[in-house]
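**Student:** On the provided structure of chain A, position chain B as indicated by the hints.
2 protein chains.
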Amino acid sequence: MRIAVDAMGGDYGPKVTVEGAARAAADFGIEVLLVGQREKIETVLNQLPTNLSQNYKIKIVDAPEAIGMGEGLFSFYRKRRSSLQVGAQLVKEGRADALVSMGNTAAVVYISQKIFGPLYGIDKPALALLVPTLQGSTLLIDVGASVNCRPHHLVQFAFMGKIFMESVMGIDNPRIALMSIGEEEVKGNDITREAFERLAKLPLNFIGNVEGRDIYSGKAEVIVSDGFTGNVALKVSEGVVETLLSLAKKEVTKNFLAKIGLFLMKKHLKKIYRQIDYSEYGGAHLLGIKGTCVVGHGRSNCQAVRNAIRMAVETVRNKVQEKIQAELLRMEGIIYDLKL
Amino acid sequence: MRIAVDAMGGDYGPKVTVEGAARAAADFGIEVLLVGQREKIETVLNQLPTNLSQNYKIKIVDAPEAIGMGEGLFSFYRKRRSSLQVGAQLVKEGRADALVSMGNTAAVVYISQKIFGPLYGIDKPALALLVPTLQGSTLLIDVGASVNCRPHHLVQFAFMGKIFMESVMGIDNPRIALMSIGEEEVKGNDITREAFERLAKLPLNFIGNVEGRDIYSGKAEVIVSDGFTGNVALKVSEGVVETLLSLAKKEVTKNFLAKIGLFLMKKHLKKIYRQIDYSEYGGAHLLGIKGTCVVGHGRSNCQAVRNAIRMAVETVRNKVQEKIQAELLRMEGIIYDLKL
Chain A
237 MRIAVDAMGG
247 DYGPKVTVEG
257 AARAAADFGI
267 EVLLVGQREK
277 IETVLNQLPT
287 NLSQNYKIKI
297 VDAPEAIGMG
307 EGLFSFYRKR
317 RSSLQVGAQL
327 VKEGRADALV
337 SMGNTAAVVY
347 ISQKIFGPLY
357 GIDKPALALL
367 VPTLQGSTLL
377 IDVGASVNCR
387 PHHLVQFAFM
397 GKIFMESVMG
407 IDNPRIALMS
417 IGEEEVKGND
427 ITREAFERLA
437 KLPLNFIGNV
447 EGRDIYSGKA
457 EVIVSDGFTG
467 NVALKVSEGV
477 VETLLSLAKK
487 EVTKNFLAKI
497 GLFLMKKHLK
507 KIYRQIDYSE
517 YGGAHLLGIK
527 GTCVVGHGRS
537 NCQAVRNAIR
547 MAVETVRNKV
557 QEKIQAELLR
567 MEGIIYDLKL
Chain B
237 MRIAVDAMGG
247 DYGPKVTVEG
257 AARAAADFGI
267 EVLLVGQREK
277 IETVLNQLPT
287 NLSQNYKIKI
297 VDAPEAIGMG
307 EGLFSFYRKR
317 RSSLQVGAQL
327 VKEGRADALV
337 SMGNTAAVVY
347 ISQKIFGPLY
357 GIDKPALALL
367 VPTLQGSTLL
377 IDVGASVNCR
387 PHHLVQFAFM
397 GKIFMESVMG
407 IDNPRIALMS
417 IGEEEVKGND
427 ITREAFERLA
437 KLPLNFIGNV
447 EGRDIYSGKA
457 EVIVSDGFTG
467 NVALKVSEGV
477 VETLLSLAKK
487 EVTKNFLAKI
497 GLFLMKKHLK
507 KIYRQIDYSE
517 YGGAHLLGIK
527 GTCVVGHGRS
537 NCQAVRNAIR
547 MAVETVRNKV
557 QEKIQAELLR
567 MEGIIYDLKL
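Line by line, the protein sequences give chains A and B. The letter at position 73 of the first sequence is residue 309 when you use the numbering used here, and the numbering goes up by one with no holes. The letter at position 144 of the second sequence is residue 380 when you use the numbering used here, and the numbering goes up by one with no holes.
These are calculated hints, taken from the structure and not from any lab test. Don't take each hint at face value.
A pair counts as met if it fits within one copy or between any two copies, since identical chains are not told apart.
[Said to hold, decoys possible] Cut-off 35 angstroms, straight-line C-alpha distance, at most; resulting in silico cross-link-like pairs (DSBU-like, lysine-lysine):
#	residue 1	residue 2
1	LYS455	LYS251
2	LYS526	LYS293
3	LYS490	LYS506
4	LYS437	LYS315
5	LYS455	LYS490
6	LYS455	LYS315
7	LYS315	LYS295
8	LYS490	LYS502
9	LYS503	LYS490
10	LYS485	LYS293
11	LYS455	LYS506
Since the model is a prediction, treat every value here as computed from it, not as a measurement.
Bound-form chain A, shown alone (with noise of 0.2 angstroms):
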């Protein structure tokens, strides 16, 4: 298997995605194809230990142009040779068989929709990001690819949830809820419940609206949303987290009992902690196109960008792109309809 990197994305670029690239081809067995500035990539990978960096496996595709983290949509059409373009044509071309980006997200998902193109059946990509939950883990779909929704989009971004849970994590008839401001099928917007009603009328384990608080209590195996709701979603729950920390930090260093308590407990926070930092769980599935790529968070850690990387191999040797497609296509009357 063959993963293409973009080696330029993220807050940090090459500093952290060469060597998590380096570690995920050492760990997994995979080739890694570094695309983005030769030179710049070259520098991380001869600063890396010789038994991460003299790895055949690690080869690096050429990419004169990056896509900084601010930049509009045009870049695609500026930035012919971005790192981000290149990676995806390797894919395109059957070269890779996934692309992992830690950067731009907005551009990540244009140029993956422009040069992959869409599944049948579906209109909008979907970033499909597993949160873990107390009771395991539930698929968040959209979280920021698709931030203008119709009834019928949500419709889809919920087969496509249901696919994934069910090939890659290997459960069955997995339950999915909608995105709420309350259980009722009375709550919601004018949007969500329009797609609360086609829901239920379709071979679903479609168990009604979930609200906020919902996202982390195990309650349906995928949640679906706009990617604009989606997204602000999950950066509350970053902001939430960051601050009960520095609070924790501020409040403790008053106390020298406290401080004693806060070393006692620190190895079980740490873990509460990693269960919960986005970083960790590595990045989220870009769904809905014709080629795998896995989109991962512009702060990423080369930890991370090693877990993204994973992500990309697992989605691979699912075939859950082809799943994905094969269920749409034997759905296809339904999802017809359903435009309508």
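**Tutor:** Then chain B, alone, in the frame of chain A:
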């Protein structure tokens, strides 16, 4: 001052609303009108210590019906004599200065809107919630009153938020931000992008987009959002805190030293929890209507009911509604243009 309290509202009904209201009457020297089923209210009142219950400032106003937490908006027409409607009518007729309810948010919003009517220049009401941040507090507007918003509604929310922070919190020219999924102007959905453009042209201290994580960072004093997104954001926060607490309990009970650690930190953790606990800060202000209304969390305890009443008292004392209306009239030309 006289506050009408919907005694039947909330998950626990009179059991907590009556005691909360009695405490508020004692603590703030105000009159409270307990609106609801007389017998049920009297039963709870008689169980309270006499220094609370024998206060001549507590009066009962009979309202035979109650609107359940899951009821739809038609309850407004079916239940003309609900505690909520009778309470709102008391305010409308000038027999009370403000309404406080822990009830079904959708019903409180709908009934207040119907009975009080909108402020001149405001098309949709908004629930404004003060959340504590690392630097002070931020007003999140709207957290659930208006779930289908057009760009000009968001602009109206910005104005109301600004006036609220100036008149109640004494913050001069508060920084106003738009909740979105990235800081750049191009980030967001169609609605927020158009709202961004309009906000940037107005005489407001508009600092641009913020992300979900910034609710608690203190980057802005007012964060504007449609009611759907704002409500999801709020409930995600609650969910994260609840999840962290149960993870911590589970993790810590496994280990003796960690237990001692937790014991030593307990007082401090409680302090942090209070700082972020929704029920502590009482409730949200319903802005944009001709009357003062505070909506508390359904799960409010006595303390939260008391705090919600205090919020109503402060709003009336600071003449917030009048100030919002005056400012809207001053801005009339601008606001009219915005609707075009």
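**Student:** It remains to establish, for every hint, whether it holds in the given structure.
**Tutor:** Each hint tested on the structure:
1. LYS455 x LYS251: Between copies only: 29 angstroms across chains, 39 angstroms inside a chain, cut-off 35 angstroms.
2. LYS526 x LYS293: within (25 angstroms within a copy, 70 angstroms between copies)
3. LYS490 x LYS506: The answer is both: 21 angstroms in one copy and 15 angstroms across copies each meet 35 angstroms.
4. LYS437 x LYS315: Close across copies (32 angstroms), not inside one copy (45 angstroms); limit 35 angstroms.
5. LYS455 x LYS490: between (39 angstroms within a copy, 25 angstroms between copies)
6. LYS455 x LYS315: Between copies only: 33 angstroms across, 44 angstroms inside.
7. LYS315 x LYS295: Answer is within; shortest intra-copy Cα gap is 22 angstroms, inter-copy 72 angstroms.
8. LYS490 x LYS502: So LYS490 and LYS502 pass the 35 angstroms test inside a copy (17 angstroms) and across (14 angstroms) alike.
9. LYS503 x LYS490: This pair counts as both: shortest intra-copy Cα distance 21 angstroms, inter-copy 12 angstroms.
10. LYS485 x LYS293: So LYS485 and LYS293 fail the 35 angstroms test inside a copy (43 angstroms) and across (45 angstroms) alike.
11. LYS455 x LYS506: both (25 angstroms within a copy, 27 angstroms between copies)
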